[in-house]
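Trainee: Sequence:
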Amino acid sequence: MKTNPPLYRTAESVSPKHPDKLCDQISDAILDAHLAEDPKARVAVDVCGGHGKVFVTGEVTSRAVKVDVEKIVQRIAGPNIEVIENLEKQSPEIAQGVDTGGAGDQGIMIGYACDETLELLPLEYVLARSLCQFIYDKFPYDGKTQITLKNGEVCTIVASFQNVPDTDLMKLVWQWVEQNQLVGDMTAFTNPAGDWRQGGFDADAGLTGRKLAVDNYGPRIAIGGGAFSGKDASKVDRSAAYMARRVAVDYLREVRQNCDHLACKADKFGGQHEVFVRLAYAIGVAEPLERTVIIDGRHEVIDAKYDLTPRGIIKKLDLLKPQYEASAAWGHFGTGFSWDK
8 MKTNPPLYRT AESVSPKHPD KLCDQISDAI LDAHLAEDPK ARVAVDVCGG
58 HGKVFVTGEV TSRAVKVDVE KIVQRIAGPN IEVIENLEKQ SPEIAQGVDT
108 GGAGDQGIMI GYACDETLEL LPLEYVLARS LCQFIYDKFP YDGKTQITLK
158 NGEVCTIVAS FQNVPDTDLM KLVWQWVEQN QLVGDMTAFT NPAGDWRQGG
208 FDADAGLTGR KLAVDNYGPR IAIGGGAFSG KDASKVDRSA AYMARRVAVD
258 YLREVRQNCD HLACKADKFG GQHEVFVRLA YAIGVAEPLE RTVIIDGRHE
308 VIDAKYDLTP RGIIKKLDLL KPQYEASAAW GHFGTGFSWD K
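Numbering (the working numbering) for the sequence shown: 8 to 348.
Each hint should be verified, as a subset may be incorrect.
Stated by the list, open to error - Calculated pairs, SDA-like style, for lysine to any residue (alpha carbon to alpha carbon, straight line, at most 20 Å):
| no. | residue 1 | residue 2 |
| --- | --- | --- |
| 1 | 151 | 184 |
| 2 | 151 | 141 |
| 3 | 47 | 327 |
Unchecked claim - Listed next, with one range per pair, are the computed distances between beta-carbon atoms:
| no. | residue 1 | residue 2 | range |
| --- | --- | --- | --- |
| 4 | 10 | 47 | 55 to 63 Å |
| 5 | 182 | 159 | 19 to 27 Å |
| 6 | 11 | 195 | 48 to 56 Å |
| 7 | 182 | 66 | 44 to 52 Å |
| 8 | 232 | 10 | 18 to 26 Å |
Don't read these hints as lab results, they were simulated from the structure. Every residue, glycine too, gets a C-beta built ideally from N, C-alpha and C.
Build out the structure end to end from the sequences listed, making use of the hints.
Mentor: Dropping the structure here:
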């Protein structure tokens, strides 16, 4: 008799001292600094860093006068970093479409929510982040973790962390396993390439927006493709992706409430539900070109009660205030921001 092959799912997480995450945080810290003085600032900042230098480029149109880019970079990346700054004003040809309430660019945004975890995120993603945070709390350095599930149970753990000897790291991994009451036949790899002391920008280059799967929902869920960090809320790459998550969470809670009321189960998902949201925009156009929600495989048009224009999203989620540096550290979803609640 034919048997089904095992189902594997894998996700990774990286610490805030990873080179790409340093760049994300610098981009968002510059955004926050402008929003603190000018909530309507237009900011699109990209950062490339490595080996003692950080290059900051992009477009900023802002009334802020106290933004010290060098000071921000050195606070996050270290006092001895050389900063090369190349920031210009936003193109007036882009601005003319955004000023009237249109989207800051074309693009596709994906929202997702499932009830595998309390965070309404995929289990492998949540566990990888949890382990990374557990280690980082004790050793706040550059590091990565990875979790592989086999038929819903942890089968493989990978952890690589700067300045943590392999024996200590292995102890931390099994301490985390015990703390989370994980059971099953598990294999752990800690610092599999050997212990290491050179990390962050000293060891590798980083770039804003290069950890998109970590920023979103892990590799199991498709992403639209646009990065979040360094972009103000007029850029739907960021704001509409946040709204897509908000809509997905709302629909998931609604279907769970209805199923509890009807005492029903989503047999296809073993009693679990999942919601996908797809939004698409054209530059300079306020209303989305697509507003699809997929509830346990059933396609619908998102309820008209949701204002999915950039202005409507900004108002709903309160996106004109400084808050973004924190979002760049541990992923943008399931971490307590307004688009998750």
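Trainee: Next, verify each hint and record whether it holds.
Mentor: Results for each hint:
no.	hint	verdict
1	151 - 184	holds (17 Å)
2	151 - 141	holds (12 Å)
3	47 - 327	holds (7 Å)
4	10 - 47: 55 to 63 Å	holds (59 Å)
5	182 - 159: 19 to 27 Å	holds (23 Å)
6	11 - 195: 48 to 56 Å	violated (27 Å)
7	182 - 66: 44 to 52 Å	holds (46 Å)
8	232 - 10: 18 to 26 Å	violated (37 Å)
The structure fails hints 6 and 8 (numbered hints given earlier, in ascending order).
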